[in-house]
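Undergrad: Heads up: the sequence lines are chains H and L, in that order. Each residue of the first sequence is one higher than the last, beginning at 1 in the numbering used here. Each residue of the second sequence is one higher than the last, beginning at 1 in the numbering used here.
These are computed hints drawn from the structure, not numbers from a lab. Heads up, some of the hints might be wrong.
What the hints assert, rightly or not - The calculated lysine to aspartate or glutamate pairs, modelled on DMTMM-like cross-linking and capped at a C-alpha distance of 20 Å, are:
#	chain 1	residue 1	chain 2	residue 2
1	H	LYS142	L	ASP183
2	L	LYS42	H	GLU64
3	H	LYS128	L	ASP383
4	L	LYS42	H	ASP69
5	L	LYS296	H	ASP124
6	L	LYS415	H	ASP121
7	L	LYS551	L	GLU511
8	H	LYS140	L	ASP525
9	H	LYS71	L	GLU40
10	H	LYS142	L	GLU152
11	H	LYS142	L	GLU48
12	H	LYS140	L	GLU472
13	L	LYS257	L	ASP311
14	H	LYS140	L	ASP183
15	H	LYS140	L	GLU77
16	L	LYS179	L	GLU40
17	H	LYS140	L	GLU152
18	L	LYS296	H	GLU166
19	L	LYS255	H	GLU166
20	L	LYS42	H	ASP124
21	L	LYS382	H	ASP124
22	L	LYS257	H	GLU166
23	H	LYS140	L	GLU40
24	L	LYS543	L	GLU458
25	H	LYS103	L	ASP383
26	L	LYS211	L	ASP256
27	H	LYS160	L	GLU47
28	L	LYS382	H	GLU106
29	L	LYS415	H	ASP100
30	H	LYS142	L	GLU47
31	H	LYS140	L	GLU47
32	H	LYS140	L	GLU149
33	H	LYS142	L	GLU251
34	L	LYS382	H	ASP100
35	L	LYS211	H	GLU166
36	L	LYS182	H	GLU166
37	L	LYS42	H	GLU65
38	H	LYS102	L	ASP383
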Amino acid sequence: MLALLCSNFTGTGQSSPSLERRLKAVFLFNFTQFVQWPQNALPADQSPFVIGILGPNPFGVYLEEIISDEKVNGHPLTVHYYNQVEEMQACHILFVNIADIKKQEETIAALKNRNILTVSDSYDFLQKNGMIRLYTSENKIKIQINLEASKNAGMEISSKLLRLAEIFTSDKKD
Amino acid sequence: MNQTPCDFTFLYKGLLCCTLTLGSNLGFSQVTDGLPAASELKQMSLEELMNIEVISVSKHSEKLREAASAIQVITHEDIRNSGAKTLPEALRLAPNLQVAQVNSSQWAISARGFNNVLANKLLVLIDGRTVYTPMYAGVFWDVQNLLLEDVERIEVISGPGGTLWGANAVNGVINIITKNTKDTKGLFAEAATGTDLSYLGSVRYGGQLAKNLSYRVYGTGFKLDNTRLTNDTSANDNWPMTQGGFRIDWEPSAKDKLSLQSNIYYGKPNPDAGDVRIIAKGDNVVARWNHVSSEKSDFQLQAYYDHTWRDFRNGFTEQLKTFDIDWQNRRQFGNAHDVTYGMNFRMMNHTVTNLPLFAFLPGDKDLYLYSALLQDKMTVIKDRLQLTVGLKVEHNSYTDFEYQPNARFTYTPAKNHTVWAALSRAVRTPARIDREFFLFLTPQLPFISGTEDFVSAEMTAYELGWRVQPTENLSVSLASFYNVYDNIRSSEPGPAPFYIPITFGNGVKGETYGVELSATSLVTDWWNVRGGYTFLKKDLSVKPGSGDTNKGSAESNDPTHQFLIQSTMRLPGNTELGTVVRYVSGLSEPAVPAYFGMDLRLGWRLNKVVELSIVGQNLLDDHHPEFIPSSPSPREIDRSIYGKIVCRF
Numbered sequence: 001m002l003a004l005l006c007s008n009f010t011g012t013g014q015s016s017p018s019l020e021r022r023l024k025a026v027f028l029f030n031f032t033q034f035v036q037w038p039q040n041a042l043p044a045d046q047s048p049f050v051i052g053i054l055g056p057n058p059f060g061v062y063l064e065e066i067i068s069d070e071k072v073n074g075h076p077l078t079v080h081y082y083n084q085v086e087e088m089q090a091c092h093i094l095f096v097n098i099a100d101i102k103k104q105e106e107t108i109a110a111l112k113n114r115n116i117l118t119v120s121d122s123y124d125f126l127q128k129n130g131m132i133r134l135y136t137s138e139n140k141i142k143i144q145i146n147l148e149a150s151k152n153a154g155m156e157i158s159s160k161l162l163r164l165a166e167i168f169t170s171d172k173k174d
Numbered sequence: 001m002n003q004t005p006c007d008f009t010f011l012y013k014g015l016l017c018c019t020l021t022l023g024s025n026l027g028f029s030q031v032t033d034g035l036p037a038a039s040e041l042k043q044m045s046l047e048e049l050m051n052i053e054v055i056s057v058s059k060h061s062e063k064l065r066e067a068a069s070a071i072q073v074i075t076h077e078d079i080r081n082s083g084a085k086t087l088p089e090a091l092r093l094a095p096n097l098q099v100a101q102v103n104s105s106q107w108a109i110s111a112r113g114f115n116n117v118l119a120n121k122l123l124v125l126i127d128g129r130t131v132y133t134p135m136y137a138g139v140f141w142d143v144q145n146l147l148l149e150d151v152e153r154i155e156v157i158s159g160p161g162g163t164l165w166g167a168n169a170v171n172g173v174i175n176i177i178t179k180n181t182k183d184t185k186g187l188f189a190e191a192a193t194g195t196d197l198s199y200l201g202s203v204r205y206g207g208q209l210a211k212n213l214s215y216r217v218y219g220t221g222f223k224l225d226n227t228r229l230t231n232d233t234s235a236n237d238n239w240p241m242t243q244g245g246f247r248i249d250w251e252p253s254a255k256d257k258l259s260l261q262s263n264i265y266y267g268k269p270n271p272d273a274g275d276v277r278i279i280a281k282g283d284n285v286v287a288r289w290n291h292v293s294s295e296k297s298d299f300q301l302q303a304y305y306d307h308t309w310r311d312f313r314n315g316f317t318e319q320l321k322t323f324d325i326d327w328q329n330r331r332q333f334g335n336a337h338d339v340t341y342g343m344n345f346r347m348m349n350h351t352v353t354n355l356p357l358f359a360f361l362p363g364d365k366d367l368y369l370y371s372a373l374l375q376d377k378m379t380v381i382k383d384r385l386q387l388t389v390g391l392k393v394e395h396n397s398y399t400d401f402e403y404q405p406n407a408r409f410t411y412t413p414a415k416n417h418t419v420w421a422a423l424s425r426a427v428r429t430p431a432r433i434d435r436e437f438f439l440f441l442t443p444q445l446p447f448i449s450g451t452e453d454f455v456s457a458e459m460t461a462y463e464l465g466w467r468v469q470p471t472e473n474l475s476v477s478l479a480s481f482y483n484v485y486d487n488i489r490s491s492e493p494g495p496a497p498f499y500i501p502i503t504f505g506n507g508v509k510g511e512t513y514g515v516e517l518s519a520t521s522l523v524t525d526w527w528n529v530r531g532g533y534t535f536l537k538k539d540l541s542v543k544p545g546s547g548d549t550n551k552g553s554a555e556s557n558d559p560t561h562q563f564l565i566q567s568t569m570r571l572p573g574n575t576e577l578g579t580v581v582r583y584v585s586g587l588s589e590p591a592v593p594a595y596f597g598m599d600l601r602l603g604w605r606l607n608k609v610v611e612l613s614i615v616g617q618n619l620l621d622d623h624h625p626e627f628i629p630s631s632p633s634p635r636e637i638d639r640s641i642y643g644k645i646v647c648r649f
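Pulled out of the complex, with its shape left as it was, chain H reads as follows (with noise of 0.2 Å):
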């Protein structure tokens, strides 16, 4: 049965990402809308605002499509792929697709001193100061924010986006 399974995979392209996939790609354009960055950290002149990703790529070209001709105060949007921290220049929205939790928590370190919004699906992203985490509950896309670290890099998140949001808080007292 499981070769019955397996031989299906040839062909289904991995160009096609799920719906999950893609809804979270809306997201992340949808953050550029409402979240304010601090002034010193928008790009200057006609410079892109850029939406990175980090780790492998989970929206195929789907983000691309949906960044195409759209502005945010107009500037232009682009996506950048990153492996490593140190590949990134300028980045306004991080999506971090890594896998191995010590990684994860170098990476939001490195990223500190930096106005990047940090956006993540993984499990434990709000607990180790990520700023969004996207999630599936109950067959539906949920958004968690850590307002917190939002804060601390400088990002002001709009009422409209926090209403529907879960607000994590860490609870400081162990």
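Start from chain H and add chain L according to the hints.
TA: For chain L alone, kept in the frame of chain H given last:
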């Protein structure tokens, strides 16, 4: 007990069937995948985006991954796409259950063997309420009905659930969970009829009473038609049932969830196909409070009252009133200990009206059950190795104290990969039939007699399993088990010269072993396939000193092989095609031949409100038997078709 050559022809027939199921789909690979385009999604508001339904293999796997047991989940969508009309039909979708339809209103359902109409090794819960009768420790499936539209999911755990769930969860637990009322708002109405379905009609309305207070009210009624006698005439066992109820969910604070639900039902099953029907009615109320004390601690308090009444219309009646209160607390200590502890009290008042020759003595009995549970899930190596040890201690009215310990290892070498092993002990405590049932030839001469010496059946289970998610869209699970049983019920002849009364003894022991393989695959975005294969071998024997009249075979009649594949496709034009193919190998005593079953559902969403569907069930044979009970007369299940219209406002 050799496999006849015929079994293999059946397997080939099945493979052909599957290729047809899969092969017919190849024509659709050129069609657009039916998913919303980028431009469509961009126009939606955040709220609309968050309302879109997403099926995710990984969502289930996350929950299943944590469980060091052979758990399978049947989702609401699996049920809807299968065309299942009733709860037992929905349970067919669990590859790790043996589900056999006996007649119009009776089913034989078990896990890992010991299937019987009076199967007693499975614990079944509906929203936390246990649904078994202490009369024989089994389930009357004809009074376990719900509005399938409002079922959130059904969790089927094959294997002993003794520690977490209590006695009688020897071979498995079926946990049926309905949706929270905040997910069932609006008006739902359905009507269906068919060749085997006189009618099915349901209405449900859900709404919001206040900010965090939602409710629903429902009513449902159906009548299933006759099955067939072996001489090809119709058996008069058609079965009408009506049920209604409500549920309220309230979240007074971010840390509290309260839920209250109640159901009431009235049915007239007629398994004997006689002139006078049985009346089965009942009502129940369940209240539950979940409280999150902190990130590391939460508890649940639940109480329920369940009343059932069954009038066999020959003078024998049975009434059961159950009152149960249960408290469970979960607390994390440091990083390495996740402790669950709890207590439960249950009182069952069981009253029968006896017949002169058929009696439970005493006619009126109160049974008390007290239990306490303690379990610690310990992290031995962070994110890699966990060890869970637990113990449930129960005190019941028949055998005083019973202990059900278990130990489980979970090893996670990689994020998408889990190996687990478990060692457990579980018991099946005596039911009234074992100790207090009497069948007389004359008022002074018992033919069958219960005995105070009847003790609990015990089982030690050794399990090993593996769960892996090799790609984002495929999840596979393999569970193997070796169960050692002792003190299984036997029928012991009485003293010479007439060898009556026959008493129930604990004279059978033995082993069962097997393998359960299951998988879920999102083949494409519009096509998902799930299913599994189960292999079961039994070796039961009569203990020395026992004269079991059935030589160890009465308790069970189970197939060696069982196979299920369910395919669901979302097609262009807002249509859906659901296919369920199952194979069950032959039963031995009484003999039932192996069979293939196929159900097909074609659904069409006309618009946002109306959905039409046509369902064909048991399509491969004109009629076939699935299980032959000791009584009443054997029946066969007909091929059938029904049409349904659903409105959702």
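Undergrad: Compare the structure with each hint and give your call.
TA: Structure-based check of all given hints:
no.: 1; hint: H:LYS142 / L:ASP183; verdict: holds, 15 Å
no.: 2; hint: L:LYS42 / H:GLU64; verdict: holds, 13 Å
no.: 3; hint: H:LYS128 / L:ASP383; verdict: holds, 15 Å
no.: 4; hint: L:LYS42 / H:ASP69; verdict: holds, 12 Å
no.: 5; hint: L:LYS296 / H:ASP124; verdict: holds, 15 Å
no.: 6; hint: L:LYS415 / H:ASP121; verdict: holds, 14 Å
no.: 7; hint: L:LYS551 / L:GLU511; verdict: holds, 15 Å
no.: 8; hint: H:LYS140 / L:ASP525; verdict: holds, 15 Å
no.: 9; hint: H:LYS71 / L:GLU40; verdict: holds, 18 Å
no.: 10; hint: H:LYS142 / L:GLU152; verdict: holds, 18 Å
no.: 11; hint: H:LYS142 / L:GLU48; verdict: holds, 12 Å
no.: 12; hint: H:LYS140 / L:GLU472; verdict: holds, 17 Å
no.: 13; hint: L:LYS257 / L:ASP311; verdict: violated, 38 Å
no.: 14; hint: H:LYS140 / L:ASP183; verdict: holds, 11 Å
no.: 15; hint: H:LYS140 / L:GLU77; verdict: holds, 14 Å
no.: 16; hint: L:LYS179 / L:GLU40; verdict: violated, 29 Å
no.: 17; hint: H:LYS140 / L:GLU152; verdict: holds, 13 Å
no.: 18; hint: L:LYS296 / H:GLU166; verdict: holds, 18 Å
no.: 19; hint: L:LYS255 / H:GLU166; verdict: holds, 13 Å
no.: 20; hint: L:LYS42 / H:ASP124; verdict: violated, 28 Å
no.: 21; hint: L:LYS382 / H:ASP124; verdict: holds, 14 Å
no.: 22; hint: L:LYS257 / H:GLU166; verdict: holds, 16 Å
no.: 23; hint: H:LYS140 / L:GLU40; verdict: holds, 18 Å
no.: 24; hint: L:LYS543 / L:GLU458; verdict: holds, 14 Å
no.: 25; hint: H:LYS103 / L:ASP383; verdict: holds, 15 Å
no.: 26; hint: L:LYS211 / L:ASP256; verdict: holds, 14 Å
no.: 27; hint: H:LYS160 / L:GLU47; verdict: holds, 10 Å
no.: 28; hint: L:LYS382 / H:GLU106; verdict: holds, 18 Å
no.: 29; hint: L:LYS415 / H:ASP100; verdict: holds, 9 Å
no.: 30; hint: H:LYS142 / L:GLU47; verdict: holds, 10 Å
no.: 31; hint: H:LYS140 / L:GLU47; verdict: holds, 11 Å
no.: 32; hint: H:LYS140 / L:GLU149; verdict: holds, 18 Å
no.: 33; hint: H:LYS142 / L:GLU251; verdict: holds, 19 Å
no.: 34; hint: L:LYS382 / H:ASP100; verdict: holds, 13 Å
no.: 35; hint: L:LYS211 / H:GLU166; verdict: holds, 17 Å
no.: 36; hint: L:LYS182 / H:GLU166; verdict: holds, 17 Å
no.: 37; hint: L:LYS42 / H:GLU65; verdict: holds, 11 Å
no.: 38; hint: H:LYS102 / L:ASP383; verdict: holds, 12 Å
Hint compliance for this structure: hints 13, 16, 20 are broken, all remaining hints hold.
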